[in-house]
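2 protein chains.
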Amino acid sequence: MTDNQNLRSEDRNPETSDPVARAADLLKEHRHSIDRLDAILVYTLGERFKHTQAVGKLKALHDLPPSDPNREAAQIARLEDLSKQANLDPEFARKFLNFIIAEVIRHHKQYKS
Amino acid sequence: MTDNQNLRSEDRNPETSDPVARAADLLKEHRHSIDRLDAILVYTLGERFKHTQAVGKLKALHDLPPSDPNREAAQIARLEDLSKQANLDPEFARKFLNFIIAEVIRHHKQYKS
Chain A
13 MTDNQNLRSE DRNPETSDPV ARAADLLKEH RHSIDRLDAI LVYTLGERFK HTQAVGKLKA
73 LHDLPPSDPN REAAQIARLE DLSKQANLDP EFARKFLNFI IAEVIRHHKQ YKS
Chain B
13 MTDNQNLRSE DRNPETSDPV ARAADLLKEH RHSIDRLDAI LVYTLGERFK HTQAVGKLKA
73 LHDLPPSDPN REAAQIARLE DLSKQANLDP EFARKFLNFI IAEVIRHHKQ YKS
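Respectively, the protein sequence lines represent chains A and B.
Residues 13 to 125 (this note's numbering) make up the first sequence, in order.
Residues 13 to 125 (this note's numbering) make up the second sequence, in order.
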């Protein structure tokens, strides 16, 4: 009974009693998670570009072409597979990889020029 | 002396002695890292869309507009700051966020319709 009263007293908290205020609280929580996930994305992209820049330097040194259609096709197939596992739209994953590859090729061309 | 001989014998390894083969090995190692980082990106994006879909449902329920310019401006400012810390081109980070937000808005419009 004491536990139930405690629960009810929490429910009466002004921050959660009103449905609109409750929605605003939920929205805020989701946005905090999104902000943390964006930090993961930015730092992971930073690490990824560190590797593609090393690849770009190796390619420039050995006079290899900046883009590699076979490697890109394998990456797209792998990402579509990963996307299904992660419950992500495979079409979006493909667009996403193309978006990143375009940036990588832009970097590689800078090294060559 | 024995240590030096061991090192030299490793240098004579056919996988690493030829500069072109050594470059191919390095390229392979970088590509393995890129593949692992892509898995992080895909799963993190999956988690991020889970939260933006929850936000979309909350917005639809409370009849809020799908896009929120103030929130987006704050996110872009935050990402530009994070990008500098992660040694990433802030211009790319902004394009990247716009790319993801466009996909999120597409999801939100689907809920509303």
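Simulated from the structure, these hints should not be mistaken for laboratory data.
This structure is a prediction, so every number in the text was calculated from the model and none was measured.
Hints may contain errors.
Which copy is meant is left open, because identical chains are indistinguishable; a pair holds if it fits in one copy or across any two.
[What the hints assert, rightly or not] Pairs of lysine to any residue residues, derived as SDA-like cross-links and limited to a Cα-Cα distance of at most 20 angstroms, are as follows:
{"id": "1", "residue 1": "Lys107", "residue 2": "Arg60"}
{"id": "2", "residue 1": "Lys40", "residue 2": "Leu76"}
{"id": "3", "residue 1": "Lys107", "residue 2": "Ala33"}
{"id": "4", "residue 1": "Lys69", "residue 2": "Asp30"}
Each hint, compared with the structure:
Taking identical chains as interchangeable, the C-alpha atoms of Lys107 and Arg60 lie at most 20 angstroms apart whether they share a chain (17 angstroms) or sit on different chains (17 angstroms). When the C-alpha separation of Lys40 and Leu76 is checked against a cutoff of 20 angstroms, the pair qualifies only between copies, where the shortest distance is 14 angstroms, while the shortest distance within a copy is 48 angstroms. Taking identical chains as interchangeable, the C-alpha atoms of Lys107 and Ala33 are never at most 20 angstroms apart, the minima being 37 angstroms within one chain and 33 angstroms between chains. Proximity of Lys69 and Asp30 under a CA criterion of 20 angstroms is satisfied inter-copy only: 18 angstroms between copies versus 58 angstroms inside one chain copy.
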